[in-house]
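Just need the whole structure built from these sequences, with the hints factored in.
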Amino acid sequence: MSTTADTSGLPAAFAEIAQDFIAASKRERLDLLLEFSDELPELPHRFTDDRDSLEQVDECQSPVFLTVEVGTGDAAPVHLFFDAPAEAPTTRGFAGILHAGLDGLSADEVLAVPDDAPMRLGLAEAVSPLRLRGMVGMLSRIKRQVRLRSAAAATR
Amino acid sequence: MPVPFDPDAQLVSYAHPERLVTTQWLGDHLDAPGLVVVESDEDVLLYDTGHIPGSVKIDWHLDLNDSVTRDYVDGERFAALMSAAGISRDTTIVVYGDKFNWWAAYALWVFSLFGHPDVRLLDGGRAAWVGEGRPMTREVPSPTPVGYPVVERDDTVLRAFKDDVLAHLGKPLIDVRSPGEYSGELLHMPDYPQEGAMRGGHIPGAASVPWAQAAAEDGRFRSRDELEHIYLESAGLSPDDDVVAYCRIGERSSHTWFVLTYLLGFEKVRNYDGSWTEWGNAVRVPVVQGTEPGSI
Chain A
221 MSTTADTSGL
231 PAAFAEIAQD
241 FIAASKRERL
251 DLLLEFSDEL
261 PELPHRFTDD
271 RDSLEQVDEC
281 QSPVFLTVEV
291 GTGDAAPVHL
301 FFDAPAEAPT
311 TRGFAGILHA
321 GLDGLSADEV
331 LAVPDDAPMR
341 LGLAEAVSPL
351 RLRGMVGMLS
361 RIKRQVRLRS
371 AAAATR
Chain B
196 MPVPFDPDAQ
206 LVSYAHPERL
216 VTTQWLGDHL
226 DAPGLVVVES
236 DEDVLLYDTG
246 HIPGSVKIDW
256 HLDLNDSVTR
266 DYVDGERFAA
276 LMSAAGISRD
286 TTIVVYGDKF
296 NWWAAYALWV
306 FSLFGHPDVR
316 LLDGGRAAWV
326 GEGRPMTREV
336 PSPTPVGYPV
346 VERDDTVLRA
356 FKDDVLAHLG
366 KPLIDVRSPG
376 EYSGELLHMP
386 DYPQEGAMRG
396 GHIPGAASVP
406 WAQAAAEDGR
416 FRSRDELEHI
426 YLESAGLSPD
436 DDVVAYCRIG
446 ERSSHTWFVL
456 TYLLGFEKVR
466 NYDGSWTEWG
476 NAVRVPVVQG
486 TEPGSI
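Line by line, the protein sequences are chains A and B. Residue numbers are given in our numbering: position 146 of the first sequence equals residue 366, and the series is strictly consecutive. Residue numbers are given in our numbering: position 147 of the second sequence equals residue 342, and the series is strictly consecutive.
Be a bit skeptical, because a hint or two may be false.
What the hints assert, rightly or not - Just so you have them, the derived chain B footprint on chain A, three or more residues with Cβ under 8 angstroms:
1. 250 to 256
2. 309 to 315
3. 347 to 361
Said to hold, decoys possible - Listed next, with one range per pair, are the computed distances between beta-carbon atoms:
4. B:P202 x A:D226: 32 to 40 angstroms
5. B:G375 x A:S245: 27 to 35 angstroms
6. B:D269 x A:P349: 36 to 44 angstroms
7. B:Q484 x A:G324: 46 to 54 angstroms
8. A:D270 x B:E423: 44 to 52 angstroms
9. B:P340 x A:S273: 48 to 56 angstroms
10. B:P202 x A:D270: 29 to 37 angstroms
11. B:D203 x A:E289: 49 to 57 angstroms
12. B:D266 x A:R247: 23 to 31 angstroms
13. A:E255 x B:P340: 24 to 32 angstroms
14. B:P481 x A:P297: 50 to 58 angstroms
15. B:D203 x A:D269: 43 to 51 angstroms
16. A:E289 x B:Q484: 41 to 49 angstroms
17. B:M331 x A:R271: 24 to 32 angstroms
What the hints assert, rightly or not - Selected chain B positions facing chain A (Cβ under 7 angstroms, derived; list incomplete):
18. D238
19. L241
20. D243
21. L257
22. V335
23. T339
24. I425
Keep in mind the hints are simulated off the structure, nothing from the lab. Using N, Cα and C, we set each Cβ at its ideal position, and we do this for glycine too.
If you want it as structure tokens, here you go:
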């Protein structure tokens, strides 16, 4: 098992998470994932009243929804919102990692995140590669939404 | 010494009531010597969020499947897995899990390939236990490893391979996937796009009985009368039929295998675990599309 994470191209917060996972044993990686699952922020009320505005992540085996807000100005901070049931802790854990690793970055920084970032956490051996595809799907949907919302902001 | 069977009145009408336990029985027997409770879920972390006190986790992906060849673990790996879980050959195992025991039934089927003598399912699974407010814990037990013998897996009785199914065409087959997968409209199960196939449809002659029909609204198995109506009268099966069940990767059909074998007393039911992810990708095997079973 590798003990050094490949952090090239990863934003600082995500790189730190990757290092924590890679340094952990397989068993500890599941514990860490559970922490991210437990700590995933609740969906704000403005979305719970309007769930149709959320996008379902079809790549996940459990019902998980997400949406993205892109702020204004040069920094254009990106905020991520997830909705995943307590019965789907693995999916919640993936969402928690993406939230902790990406929330607050600029749109450009989010778009620059390598598509294989979810593969750099050493989770394939802890949860199986098939399950990890759900996280890859979440990242690609986040980036697609950021792209759409940035374009919409630019034409306003 | 074997743990006594659950004599609950709601189980006695089934063909093999000794293969099921109620939540009440399990609650009363959690400390029984010779009993090990196993949780097996779709979600690899669900056990870690809270589980029945004293239970151990066995994951279908990481523990029961070989990580290289598409097959189950061999006798040595199975023995190591059981031993580490504190299970010996004469242990009574009770399996439970999420999603109407879907993955629990799959684990039970794999345990049966190794001929584990006494393995039972918790009727209603995790949802029934949680729904009744019964105790859950995050405390993970540390079982004392016990000796489990290396038993060669027997794939001849409960398991069917693609060639077996080709030879079986014309005899009873049961497709337990969703109607859209059966007809060929969907190339994957709703919400499971990553386990797709090149072709959609079903194996010629297969009756369509989605697996979850066997579960009542509360997640417990339907009564024997209701199950007979579904599988005998509607689907036209008979308990002395030679039946092959399949789905997408063999998990949902494990659930149906359990129902036919232990609740309805069918003598010969095999699970085709290659299922649609093999058949729908295989070259020049016959496929039928639409809602009718069709023929070869």
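These are the hints, each one checked on the structure:
Taking a C-beta to C-beta cut-off of 8 angstroms, the stretch 250 to 256 of chain A contributes 4 residues in contact with chain B, enough for the three needed, and the coverage statement holds. Only residues whose C-beta sits within less than 8 angstroms of a C-beta in chain B count toward coverage, and the stretch 309 to 315 of chain A has 4 of them, enough to reach three; the restraint holds. Counting residues of the stretch 347 to 361 of chain A whose CB lies closer than 8 angstroms to any CB of chain B gives 5, so the stated coverage by that chain holds, three being the minimum. Distance hint for P202 of chain B and D226 of chain A: a CB-CB separation of about 58 angstroms, inconsistent with the stated range 32 to 40 angstroms.
One distance hint, 27 to 35 angstroms for the beta-carbon pair G375 of chain B and S245 of chain A, is violated here, with the actual separation near 42 angstroms. With their beta carbons about 21 angstroms apart, D269 of chain B and P349 of chain A fall outside the hinted range of 36 to 44 angstroms. A hinted range of 46 to 54 angstroms for the beta carbons of Q484 of chain B and G324 of chain A is consistent with their spacing of about 50 angstroms. At about 46 angstroms, the beta-carbon gap between D270 of chain A and E423 of chain B stays in the expected band of 44 to 52 angstroms.
Judged by the Cβ atoms, the range 48 to 56 angstroms given for P340 of chain B and S273 of chain A holds: they are separated by roughly 52 angstroms. About 52 angstroms separates the C-beta atoms of P202 of chain B and D270 of chain A, a value inconsistent with the hinted range of 29 to 37 angstroms. Evaluation of the 49 to 57 angstroms hint for D203 of chain B and E289 of chain A yields a pass: the beta carbon distance comes to about 53 angstroms. Taken as a hint, the range 23 to 31 angstroms holds for the pair D266 of chain B and R247 of chain A, whose Cβ atoms sit roughly 25 angstroms apart.
Restraint check, E255 of chain A to P340 of chain B: a C-beta distance of roughly 28 angstroms satisfies the suggested window 24 to 32 angstroms. Under the hint 50 to 58 angstroms, the C-beta atoms of P481 of chain B and P297 of chain A, about 57 angstroms apart, fit the expected range. Roughly 44 angstroms separates the CB atoms of D203 of chain B and D269 of chain A, a value that falls within the hinted 43 to 51 angstroms. Under the hint 41 to 49 angstroms, the C-beta atoms of E289 of chain A and Q484 of chain B, about 44 angstroms apart, fit the expected range.
At about 28 angstroms, the CB distance of M331 of chain B to R271 of chain A agrees with the hint of 24 to 32 angstroms. The beta carbon of D238 of chain B is positioned within 7 angstroms of a beta carbon in chain A (closest approach about 5 angstroms), and the interface hint is therefore held. Interface restraint check for L241 of chain B: the shortest CB-CB distance to chain A comes to about 6 angstroms, inside 7 angstroms, so the restraint holds. Interface hint status for D243 of chain B: upheld, as the beta-carbon distance to the closest one in chain A is roughly 5 angstroms, under 7 angstroms.
A hinted interface residue such as L257 of chain B counts as satisfied when its beta carbon comes closer than 7 angstroms to some beta carbon of chain A; here the least separation is about 6 angstroms, so the hint holds. A hinted interface residue such as V335 of chain B counts as satisfied when its beta carbon comes closer than 7 angstroms to some beta carbon of chain A; here the least separation is about 9 angstroms, so the hint is violated. The criterion of a C-beta within 7 angstroms of any C-beta in chain A is not met by T339 of chain B, whose closest approach is roughly 18 angstroms, and the hint is violated. Given hint, I425 of chain B at the interface with chain A, is violated; its Cβ is 26 angstroms from that chain's nearest Cβ, farther than 7 angstroms.
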